[in-house]
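A.B. asks: Okay, here's what each chain looks like letter by letter:
There are 4 protein chains.
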Amino acid sequence: MEYSKRKLQEEKVFKDPVHRYVHVRDVVIWDLIGTKEFQRLRRIRQLGTTYLTFHGAEHSRFNHSLGVYEIVRRIVDDVFAGRKEWNVEDRLLSLCAALLHDVGHGPFSHSFEKVFGLDHEEFTKMIILGDTEVNAILTRVDRQFPKKVAEVIGKTSENKLVVSLISSQIDADRMDYLQRDAYFTGVSYGHFDMERILRVMRPREDQVVIKQSGMHAVEDYIMSRYQMYWQVYFHPVTRSAEVLLTKILHRAKELHRKGYIFTYKPLHFYSIFNEEYVLQDYLKLDEAVMLYYFQVWQEEEDPILSDLCRRFVNRDLFKYIEFDPAKEYRKHSELEALFKKAGIDPEYYLVYDSSSDLPYDFYRPGEEEERLPIYLLMKNEELRELSRESDIVDAISGKRRTDHKLYFPADRLHDQSSRRNIKKQIRSILEI
Amino acid sequence: MEYSKRKLQEEKVFKDPVHRYVHVRDVVIWDLIGTKEFQRLRRIRQLGTTYLTFHGAEHSRFNHSLGVYEIVRRIVDDVFAGRKEWNVEDRLLSLCAALLHDVGHGPFSHSFEKVFGLDHEEFTKMIILGDTEVNAILTRVDRQFPKKVAEVIGKTSENKLVVSLISSQIDADRMDYLQRDAYFTGVSYGHFDMERILRVMRPREDQVVIKQSGMHAVEDYIMSRYQMYWQVYFHPVTRSAEVLLTKILHRAKELHRKGYIFTYKPLHFYSIFNEEYVLQDYLKLDEAVMLYYFQVWQEEEDPILSDLCRRFVNRDLFKYIEFDPAKEYRKHSELEALFKKAGIDPEYYLVYDSSSDLPYDFYRPGEEEERLPIYLLMKNEELRELSRESDIVDAISGKRRTDHKLYFPADRLHDQSSRRNIKKQIRSILEI
Amino acid sequence: MEYSKRKLQEEKVFKDPVHRYVHVRDVVIWDLIGTKEFQRLRRIRQLGTTYLTFHGAEHSRFNHSLGVYEIVRRIVDDVFAGRKEWNVEDRLLSLCAALLHDVGHGPFSHSFEKVFGLDHEEFTKMIILGDTEVNAILTRVDRQFPKKVAEVIGKTSENKLVVSLISSQIDADRMDYLQRDAYFTGVSYGHFDMERILRVMRPREDQVVIKQSGMHAVEDYIMSRYQMYWQVYFHPVTRSAEVLLTKILHRAKELHRKGYIFTYKPLHFYSIFNEEYVLQDYLKLDEAVMLYYFQVWQEEEDPILSDLCRRFVNRDLFKYIEFDPAKEYRKHSELEALFKKAGIDPEYYLVYDSSSDLPYDFYRPGEEEERLPIYLLMKNEELRELSRESDIVDAISGKRRTDHKLYFPADRLHDQSSRRNIKKQIRSILEI
Amino acid sequence: MEYSKRKLQEEKVFKDPVHRYVHVRDVVIWDLIGTKEFQRLRRIRQLGTTYLTFHGAEHSRFNHSLGVYEIVRRIVDDVFAGRKEWNVEDRLLSLCAALLHDVGHGPFSHSFEKVFGLDHEEFTKMIILGDTEVNAILTRVDRQFPKKVAEVIGKTSENKLVVSLISSQIDADRMDYLQRDAYFTGVSYGHFDMERILRVMRPREDQVVIKQSGMHAVEDYIMSRYQMYWQVYFHPVTRSAEVLLTKILHRAKELHRKGYIFTYKPLHFYSIFNEEYVLQDYLKLDEAVMLYYFQVWQEEEDPILSDLCRRFVNRDLFKYIEFDPAKEYRKHSELEALFKKAGIDPEYYLVYDSSSDLPYDFYRPGEEEERLPIYLLMKNEELRELSRESDIVDAISGKRRTDHKLYFPADRLHDQSSRRNIKKQIRSILEI
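Protein chains in written order, with the UniProt record's numbering: chain X, 1 to 432; chain B, 1 to 432; chain H, 1 to 432; chain D, 1 to 432.
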């Protein structure tokens, strides 16, 4: 039988704490899960440094990827199957794109990408199209299949309906991570009636739409998203750990550039330091490897690298205050000057960070195009943009909220050295 | 104020998915959590290789240790406080012992300890009594305090009541891990009414006892334990990953002994290979470091080490059959001979493993002394051993169940080389 | 010992599906629960006719009253105890008011009170102050105690802090019913982190306030409330059953007024029909008694009473359309005329009903005084009204939403009698 | 289209707290739910008097019947569909039998049937085969269909597979009630992995069997059952309320027999008192009607009837002691004599009650035939009786446990009348 249609003799199930069971019947999916590129996601945490704030958040991207796959599977097999607007040929494409949508993620992506100017979406494409086990399987389905999958994940596919299953304001990706991250952190936000939402999803030419009767479940989902962003994803303590991470990578790169001789050579980072993005090197870089370096680098001679690594490994994080440099430009300059005087390099030890979120938005011409609105399917088959029907969504629609923080090592501002007066000044400005 | 009595200005809470919140008010506890030895538990998974079977089981021992602390805190603060049989002086001792009971665990303890003849309980003692941040804090409470804590954890303390809170057939350790492991794996076993059990616990001279009215909750707990053992802890796929791990460590040690030149030197393992158990070296060895070696060793020249590492990293596990070598001695020898003929070293590729559990037992003179029975406190203040009151517990009491498996790489038994006939013979014996 | 301070020898616990356990240690509370007036709440459903929409919603006001008591108990015993702003003398007052706040509710209160012009709060007062078992117990505490309890429930007490525990925009009453009604209906709304809210409640002179750190939990609570109102409490099918109930009572009263001879005499209703509100008669009227009458009245000769009863008993409900008579006055008149022509009395068979809710509001001078705002307690001890801090609450604050429905028996609009043309006209106007 | 095959235009869903949603697509099922005989189940509590012990247990048989239907629907539609051993023609039969299996239940069945020598299974048959709305619908499917449904429910059908879905040691009935009763009482027993059990059920000629891989889920189910029996169903306080109920009915029947003139005539009971089992009369007797009588009978002149009714209505229950009259025959006689002397009729006020359960049993020739064993389907397609594979089930298999209680009104044994010495004697024998 054609490879794309082959089924496992006996369905395989993964016990999943969020969706109870993840069901696999397609040989293609089973084979993809077994590839080393996909197994690698076990070594990358879904929420990066969040486990340093919420100790339960130790779950991996492997976990989440299976979850997204399962949600899409339920949509296409239990809800879309048999509907005239749904092309059954798109089934396997949807499942593969769901499973692989995060396959290019690296360790602690946020900081990593920021420092090295990388983009995990690029790596996803390279994994799907390059010389990998994943590519071999997808090619076996059809020579054009890897390209199709990559286009869906990259949102350049003409098949907008399938794209919207994976990336839209109400997609399987978000529905999985909100629930999963709530489950593992243990927060009481993040709950909404996904079963209901799935049941009222309908395929339309350009995107998935939601039957009007499911509006309240969608409102709940949007509120969950809002709460999870501010309670979990943008938690200032998590960001403090991100700040450390970013500064460690930054310092290591800088030292390498300057020709510093590492006791523990950053072999795994060479190609990235040199801005050569070699897929095989990238794939070797997982969180275990990063943590290995952070640990051994505690013994490096460079005091900044070693201090930052020690802080990260032992969770000795920076403290923070509310601070918006744009509004308090002078104060910021003054602080930088004082830090230098105190012998604490502000480049690494006085770090501004902001987070910003838009809980939901309708389409605004000329802006980020991904913000496709959520459409309700009315009884008369008309489509109405969600915020026109929902008072609550209307109330928060397009309202961006931003949060500004300044991070610094409070413990280093208290000693009794000759610099005690400078430090006193700093503390007085920081009001700590 | 005395250090041992100091309270945090504002209670700290950890969001915990199992107990909802972990509450810390004592400065001593807060300080212990901040030590690097305790933070290190974040880098050691609670269930070792189980995440390769149940993908949710990625939680760390840090997680569990906080949980055990919280359970003991609830017992001593909410249930025991004010009872005449409870000495309030034992409160801090109980909390510290609970928090630190697993602090000596290494990465993938089971395999690690088996191969290197180590015992994590020894390391726990060394961490508590040696030159560590943990020891400094405990000593600040009282010069004798570290020793007291170590004795409770080591079960040599004369304070049997406190010992029984941490290690008995119904202790805080088991109550936490059953629930926690069920939560993270997502299995539906592992649930019992802990709130009820805590409420009916009573302090008695030699141990914690359970008021008779809580008997059914205890029955449920024992059944949970039974199910978790067979469904999760002894899962044959998890054991297959353990087998790989054990054989990797075994091989590395062997290569080192023979003077093999590693491309990636096992620096972190030297003292252990040499059977010098240096605490500072041990503390550097966490799962990230182990996984780093497994990953780089895929590129070692030694084909066995490299193959086993590749298998572990990519989750290419051995298959298994039911097999008890004690009963089928001849078949086992024959298999070993055939494996050798086929060029597959049976030392590493034909591995027998068994698991065995006793769900509950009453005291049997002359046997393992830790098996203290669970006592019910009857209305007339008499103590009765649980299995005399509970039909269900009586039915399973002392019934040991054992499971025997033989592991091997099924994929290597199928090629079409000149050895195909030998492999066919092997497959026929293994009935695969 | 003084009666007000007496404790049960052994704490009593009620297993509660929402709060897990309800704990009773005070003899006064135990005695109040045992009174016949309180036990009567077992025969009155918390959500009236909602069980005809959500079949799980069969829980009684007894259930809810214990829940409110338990929440207040946790606030005063676990959070307020020991705080200087909390007067421990108010403890028993708070517990009794919580337990008894709904004791005057009658069967299907909403319809019942509407038809007979009653007010359950009046009856609550009569039960607390009149010749009842409840009164006897409260008087035993202190001669003035019944009055104090009644004033707290009636919101006329000078002790505004205690009043706010039971009736404010974030009180124990709402926190219990949202969670309880969500639990029994099975909807996924209604969840919020009550444990967190309780922990951050602080007593202040005029009301309970919430520490700023709990703001997000409060936002979640307000959203839950919003969703529960529209998804459960104002569900149009539930209101359809309410419409039937109201019309049955209306008809029975009317028939009684006209001197109709009932086959099954409405003995239990006489005093109410005659607008004599006799406490002892009121207390006999529970849902079982009402359902008894509805059942036997199916056999009454009056066709309207018998038809409405049959419909209620067998859940043969009216259908509905969106309709606002204020906007479509002419259409409404036309419908009434056509119903009359068709021989279907519009008084009983063409019923307009509207529901309206305000999810949260801050204080608006000169309006309903009960809408006390929720105050956040900032770090600097300042109080800030919630909507000034919370974007989401600000967005929905003061936004009233109203829903208009017209109810009618669709089944009677389809027959083939001589009136078929009139009925066709009706159907065309109703667009059914 | 044929009535039996007609589908609703849009699937209807019931929100169910236990199974989340109950799905109805068949017109036949929808019509059956709408019948007055089925709606009547809303007025009969699933657990009779249990709500007087566990206040949450106020759920009706309507609730449970929908749940059993939903479980069978999932089995036949999601698991059996397409399997060669399953005859798709049996689908509607299974669904109807599931939905209607309890339709003949009366109010407080246990006591009711005991006093009047009735059998709800007889009434189920009469409702299905007699002149009812249910019968009309079933007949519309096929003239023979009512008979078929009745035979499945009555376990006389030749279609043993379908019978076993509804009544066997692991049937949809039990799986629903264990979970549902646990949910509403709030106890932590009653949980097992039903989703897993459903997935491993397989149709075989004579009954449903369970794939071996589901054995542990079945063990958990059997333990749940054991715990629910002893913790909930046989709870001595619930039985105390049952005792009252039984004695009320007993007394009313006796008074009627003796020609006592009731102030409130037991019109609804006449045919039953006269042992004429008239279906239409039976159907009018629901819990509301019974509670109506209990309430008005508080005012009857007969002191026993009035006292028992007052006790039931106000939950003033009898106390109990462990007592087995078979073993303590003399003591029992003595107590009866003393009760008489004290003027307390032992017939109504000294009541023995026992409960007994067998958690699981395999087939024992010549005994109750319904105890069909549970069979595991081994990998080699062989069937093995559960207790041969499961140590735990083997341990408790066939172990009957019995509990004996003696109930009496403790409050009446304490007065200071002339009979105080007799009462003292009684108390001394009862050891209270």
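No lab work stands behind these hints: they were computed from the structure. Check the hints yourself; a few may be wrong.
As the list claims (entries may be wrong) - Calculated cross-link-like contacts (lysine-lysine; reagent style PhoX-like; alpha-carbon spacing at most 20 Å): (1) D:K319 <-> X:K12; (2) B:K84 <-> B:K36; (3) D:K340 <-> D:K284; (4) D:K423 <-> H:K319; (5) H:K125 <-> H:K114; (6) H:K331 <-> H:K423; (7) X:K211 <-> X:K160; (8) D:K114 <-> D:K253; (9) D:K36 <-> B:K399; (10) X:K319 <-> B:K36; (11) H:K265 <-> H:K341; (12) X:K319 <-> X:K340; (13) B:K7 <-> H:K84; (14) H:K36 <-> D:K379; (15) B:K331 <-> B:K424; (16) X:K319 <-> X:K424; (17) H:K84 <-> H:K125; (18) D:K379 <-> B:K319; (19) X:K379 <-> D:K12; (20) D:K12 <-> X:K211; (21) X:K12 <-> D:K379; (22) H:K265 <-> D:K399.
To be verified - Label-pair ranges, simulated between beta-carbon atoms: (23) H:D345 <-> D:Y277: 56 to 62 Å; (24) B:D357 <-> X:G34: 27 to 33 Å; (25) B:Q212 <-> D:T402: 16 to 22 Å; (26) D:L8 <-> X:E381: 50 to 56 Å; (27) D:Q9 <-> H:R20: 39 to 45 Å; (28) X:R6 <-> H:R20: 45 to 51 Å; (29) H:R20 <-> D:G343: 53 to 59 Å; (30) B:I321 <-> X:K114: 47 to 53 Å; (31) X:R20 <-> D:T402: 49 to 55 Å; (32) X:E385 <-> H:R204: 40 to 46 Å; (33) H:H414 <-> X:D78: 18 to 24 Å; (34) D:T402 <-> H:E122: 49 to 55 Å; (35) D:L8 <-> X:R388: 52 to 58 Å.
Stated by the list, open to error - From chain B, some residues computed to sit far from chain D (all C-beta separations above 12 Å): (36) M1; (37) D142; (38) A337.
For each residue, glycine too, the CB sits at the ideal point set by N, CA and C.
A.B. asks: The structure should be examined with respect to each hint, and the outcome stated for every one.
C.D. replies: Do the hints match the structure? See the list:
Simply put, K319 of chain D and K12 of chain X have alpha-carbon atoms about 55 Å apart, too far for the 20 Å limit, and the pair is violated. For the proposed pair K84 of chain B and K36 of chain B, the alpha carbon gap of about 38 Å is over 20 Å, so the pair is violated. Between K340 of chain D and K284 of chain D the alpha-carbon distance is near 38 Å, which puts this suggested pair outside the 20 Å criterion. In summary, the hint linking K423 of chain D to K319 of chain H is not supported, as the alpha carbons are separated by about 63 Å, beyond the 20 Å threshold.
A distance of roughly 19 Å separates the Cα atoms of K125 of chain H and K114 of chain H; the hinted pair therefore holds under the 20 Å criterion. Only pairs whose Cα atoms come within 20 Å are accepted, and K331 of chain H paired with K423 of chain H is accepted, the gap being roughly 15 Å. Taking the CA atoms of K211 of chain X and K160 of chain X, the gap is near 19 Å; set against the 20 Å cutoff, the hint holds. Straight-line distance between C-alpha atoms of K114 of chain D and K253 of chain D comes to about 13 Å, which keeps the hinted pair within the 20 Å bound.
Among the hinted pairs, K36 of chain D with K399 of chain B is inconsistent with the structure: their alpha-carbon atoms are about 54 Å apart, more than 20 Å. Between K319 of chain X and K36 of chain B, the direct Cα distance comes to roughly 18 Å. Compliance with the 20 Å bound is thereby established for this hinted pair. Simply put, K265 of chain H and K341 of chain H have alpha-carbon atoms about 32 Å apart, too far for the 20 Å limit, and the pair is violated. In summary, the hint linking K319 of chain X to K340 of chain X is supported, as the alpha carbons are separated by about 18 Å, within the 20 Å threshold.
As the CA atoms of K7 of chain B and K84 of chain H are separated by approximately 19 Å, the hinted pair is consistent with the 20 Å bound. For a cut-off of 20 Å, the pair hint linking K36 of chain H to K379 of chain D is broken: about 61 Å separates their Cα positions. Under the criterion of a C-alpha separation no larger than 20 Å, the hint pairing K331 of chain B with K424 of chain B is consistent with the structure, at around 15 Å. Restraint check for K319 of chain X and K424 of chain X: satisfied, since their Cα atoms lie roughly 16 Å apart, inside the 20 Å limit.
At most 20 Å may separate the alpha-carbon atoms for a hinted pair to count; K84 of chain H and K125 of chain H exceed this at roughly 31 Å. For the hint linking K379 of chain D to K319 of chain B, the alpha-carbon distance of about 17 Å falls within 20 Å, and the restraint holds. As the CA atoms of K379 of chain X and K12 of chain D are separated by approximately 16 Å, the hinted pair is consistent with the 20 Å bound. A C-alpha spacing of about 15 Å is found between K12 of chain D and K211 of chain X, which places the hinted pair at or below 20 Å, so the restraint holds.
Annotation: proposed proximity of K12 of chain X to K379 of chain D holds, straight-line Cα distance about 16 Å (limit 20 Å). Simply put, K265 of chain H and K399 of chain D have alpha-carbon atoms about 55 Å apart, too far for the 20 Å limit, and the pair is violated. At about 39 Å, the beta-carbon gap between D345 of chain H and Y277 of chain D misses the expected band of 56 to 62 Å. About 31 Å separates the C-beta atoms of D357 of chain B and G34 of chain X, a value consistent with the hinted range of 27 to 33 Å.
About 19 Å separates the C-beta atoms of Q212 of chain B and T402 of chain D, a value consistent with the hinted range of 16 to 22 Å. For the hinted restraint 50 to 56 Å between L8 of chain D and E381 of chain X, the CB-CB distance of approximately 19 Å leaves it violated. Between Q9 of chain D and R20 of chain H the Cβ separation comes to about 43 Å, which falls inside the hinted range of 39 to 45 Å. Taking 45 to 51 Å as the suggested C-beta distance range, the pair R6 of chain X and R20 of chain H conforms, at roughly 49 Å.
A hinted range of 53 to 59 Å is violated for the C-beta pair R20 of chain H and G343 of chain D, which are about 44 Å apart. Between I321 of chain B and K114 of chain X the CB atoms are about 50 Å apart, so this pair conforms to the stated range of 47 to 53 Å. At roughly 38 Å, the beta carbons of R20 of chain X and T402 of chain D sit outside the given window of 49 to 55 Å. Between E385 of chain X and R204 of chain H the beta carbon distance is about 43 Å. The supplied range of 40 to 46 Å therefore holds.
Separation of H414 of chain H from D78 of chain X is about 36 Å and departs from the stated range, judged on CB atoms against 18 to 24 Å. Between T402 of chain D and E122 of chain H the beta carbon distance is about 52 Å. The supplied range of 49 to 55 Å therefore holds. A hinted range of 52 to 58 Å for the beta carbons of L8 of chain D and R388 of chain X is inconsistent with their spacing of about 30 Å. Here M1 of chain B stays apart from chain D, with its beta-carbon at least about 41 Å from theirs, past the 12 Å limit.
Residue-level check passed: D142 of chain B sits 40 Å from the nearest beta carbon of chain D, beyond 12 Å. Consistency note on A337 of chain B: stated as away from chain D, and its beta-carbon is indeed over 12 Å from all of that chain's, at 29 Å minimum.
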